[in-house]
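Whenever a hint applies, use it, and build me the whole structure from the sequences.
Keeping their order, the protein sequence lines are chains A and B.
This note's numbering puts the first residue of the first sequence at 130, with every later residue one more than the last.
This note's numbering puts the first residue of the second sequence at 130, with every later residue one more than the last.
These are calculated hints, taken from the structure and not from any lab test.
Careful: at least some of the hints might be erroneous.
The list cannot tell twin chains apart, which means a pair is met if one copy fits it or any two copies do.
[Claimed, not checked] Okay, derived cross-link-like pairs now, DMTMM-like style, lysine to aspartate or glutamate, Cα gap no bigger than 25 Å in a straight line:
1. LYS435 with GLU382
2. LYS460 with ASP484
3. LYS392 with GLU244
4. LYS435 with ASP131
For clarity, every value in this text was computed on a predicted model and none was experimentally measured.
As a plain string of letters, each chain reads:
There are 2 protein chains.
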Amino acid sequence: MDGLNMSRRIRRTPYTGKVEEAGVRGFSVVNHMLLPKAFGTTVEEDYWHLRKYVQIWDVSVQRQVQITGPDAAALVQWMTPRNISKAKVGDCFYIPIIDANGGMINDPVMLKLAEDQFWLSIADSDLLLYAMGLALGRGMDVEITEPDVNTLAIQGPKAEDLLASVFGNDIRNIGFFKYNWIEFQGTQQLMARSGYSRQGGFEIYLNGSHLGPELWDTIWEAGLPFNISVGCPNLIERIEGGLFSYGNEMTRENNPFEIGHGKFCVTDGSIDYIGRAALQKIAAEGVTREIRGVVFGGDPCPTCAKPWPVLVGDLQIGQITSGIWSPRLKKNIGQSMIDRNFWEAGQAIKVALPDGSIRQGNVTALPIS
Amino acid sequence: MDGLNMSRRIRRTPYTGKVEEAGVRGFSVVNHMLLPKAFGTTVEEDYWHLRKYVQIWDVSVQRQVQITGPDAAALVQWMTPRNISKAKVGDCFYIPIIDANGGMINDPVMLKLAEDQFWLSIADSDLLLYAMGLALGRGMDVEITEPDVNTLAIQGPKAEDLLASVFGNDIRNIGFFKYNWIEFQGTQQLMARSGYSRQGGFEIYLNGSHLGPELWDTIWEAGLPFNISVGCPNLIERIEGGLFSYGNEMTRENNPFEIGHGKFCVTDGSIDYIGRAALQKIAAEGVTREIRGVVFGGDPCPTCAKPWPVLVGDLQIGQITSGIWSPRLKKNIGQSMIDRNFWEAGQAIKVALPDGSIRQGNVTALPIS
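Structure, rendered in structure tokens:
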């Protein structure tokens with residue numbers, strides 16, 4: 130881990146002071162903002178804790194692109210191959226955003242707040258500028274803003290009990306990828322059953338930075354009986370769980386089918402969107418690579434800052450874009466696009482690490498069980 | 130300085146291996162890519178060295194947005210209030226990019242490569258997505274790509290002699306904010322007299338990542354007689370020099386007039402661009418704040434990660450967005466928007482630092498002499 134030089138350009142969040150008090154040691158930068166990534170504990174300790182208890186995560190980097198106005202639904206639909214007319218108010222929809230070639234631009238969660246109001250909770254690219262360009266170019270009647278919303282994730286099997294103790298038992302009725310409204314300090318706040326782990330939990334889309342420290346403290350104190358700890362998206366858990374990271378597992382070089390999201394793509398011509406012709410062609414021909422898990426042996430692998438080639442014989446058939454040691458499987462695990470001829474589970478492969486070592490392993494399904 | 134967690138999403142550059150060999154200790158993240166920010170030396174040592182000798186900087190984060198095609202010039206013109214028809218092939222134009230309200234979206238240097246080919250050398254926002262959105266929305270006939278160009282800056286008073294020793298004396302004829310072509314390993318490469326310092330120098334827009342390490346080594350070895358060192362944009366030097374950083378000194382909350390770039394904005398109606406009406410209104414009414422230098426006393430100030438209020442009495446009249454100790458002036462220096470009634474040089478102010486201390490100082494012109 131190298132140092133990160135701070136500046137105003139890399140924005141702090143309403144919770145940054147809290148994570149500093151909690152002893153944060155490392156950050157990443159997403160959407161020009163700080164994402165806590167390391168505390169005094171190890172990734173392995175956090176992994177076991179997350180699977181058993183509950184954690185509080187500052188995921189403010191999941192910025193909201195708010196699109197409102199008479200043409201809001203039309204603009205969002207134009208950006209994604211998923212049929213958003215099926216979304217009701219209260220739904221969270223995962224929507225791939227693609228370019229004219231079908232390449233991934235972002236993979237936000239869309240929250241439908243009203244027929245003419247949407248939040249796109251984004252991964253690491255300036256989707257606001259893209260949406261603004263489209264709207265200006267086409268002369269659409271929309272307003273596009275980044276509201277003062279900073280998301281706090283409460284993740285882990287004890288999240289529901291913890292949040293019910295704070296906000297009441299009604300939150301137990303929120304379905305997966307649905308949201309509802311909770312009251313906090315006299316304000317209405319959006320809470321969804323969602324989050325960047327497979328351990329269950331919720332995300333509070335806090336509207337109003339000034340309420341951030343108090344929300345953090347409220348949940349922290351209520352969480353003590355549940356053995357709450359401060360955490361962050363856990364690399365072991367998300368790789369095992371088959372959760373992908375834009376910029377890591379996918380870039381504009383990849384289409385939604387390659388990351389297994391073909392099910393969200395309407396290619397029968399019934400809706401129109403940017404990149405439709407490209408996706409129809411891909412759907413007809415089939416993809417030439419698709420994301421898979423990779424399990425491989427040897428000592429715990431280092432951080433994957435640069436993709437690691439995945440080989441069969443001398444042929445490169447993929448590249449691991451996120452990898453780490455799994456203490457549960459006692460093996461290294463990774464996520465990799467794998468060429469079509471080699472993507473069956475069990476396929477023997479080799480991984481070429483940056484230290485020059487070659488590790489034996491095999492392709493596996495995602496999630497990695 | 131906290132830690133930075135590495136991943137593929139935060140892209141390495143062709144020179145990252147070289148800066149690691151040179152003992153890099155800290156990075157920033159710009160355009161989803163690593164910008165070296167600290168080495169074994171101090172910012173002060175680097176400052177004195179930069180003013181006297183020559184440095185090699187990895188500024189690959191200055192990504193190029195390449196716009197080509199029949200509508201390329203029309204698209205670029207639509208994005209900026211500067212009249213780009215005055216640019217000739219071989220020119221570098223600083224062009225503010227603004228939104229419909231006149232707010233700054235980016236402030237790239239435009240390189241005109243041909244009548245239908247432009248590079249926009251960008252600051253920290255995804256201008257490519259904005260340009261793509263505009264083009265898709267309006268149905269313009271352009272191609273927009275990020276070419277494999279990674280810029281190496283050679284900065285300091287000895288830069289010209291050093292580069293002439295490598296590429297020949299013709300490079301001495303390149304004018305300020307002009308470019309020409311040099312030969313390297315049988316390839317033609319673009320070199321401009323430009324850079325993010327006031328000490329003179331050049332930037333090589335290396336096209337082809339595979340040539341990066343060799344270009345670095347070639348310049349390094351030729352630079353030894355000139356006392357070359359590895360460096361990065363120097364915070365002391367750029368604050369003194371009145372060079373601004375997008376995301377620090379300006380955001381979408383600011384218009385080009387506020388950063389003193391009204392001279393680049395055509396508001397007489399002779400050209401059309403996004404935000405024209407907003408800029409015409411601002412031009413007619415005058416700005417209510419404008420960027421200035423601030424000099425203030427006391428011990429050396431910390432890193433400015435969150436703006437520091439600038440006060441006259443109890444009234445906040447500005448905020449310092451970048452600040453540091455100047456070893457030359459033996460005072461703290463900063464850059465701040467200052468309200469109209471207080472922006473005259475000499476105005477007494479106070480700066481409120483995050484440790485609670487209040488420092489006495491005054492407004493000054495930029496550059497700070």
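Now the hints, each set against the structure:
Taking the shortest Cα distances, LYS435 and GLU382 sit within 25 Å of each other inside one copy (16 Å), while across copies they are farther apart (36 Å). When the C-alpha separation of LYS460 and ASP484 is checked against a cutoff of 25 Å, the pair qualifies only within one copy, where the shortest distance is 18 Å, while the shortest distance between copies is 47 Å. In this assembly of identical chains, the alpha carbons of LYS392 and GLU244 lie at most 25 Å apart only when taken from the same copy (24 Å versus 44 Å across copies). In this assembly of identical chains, LYS435 and ASP131 lie within 25 Å of each other by CA distance both inside one copy and across copies; the values are 15 Å within and 22 Å between.
Checked against the numbered hints given earlier, this structure breaks none of them.
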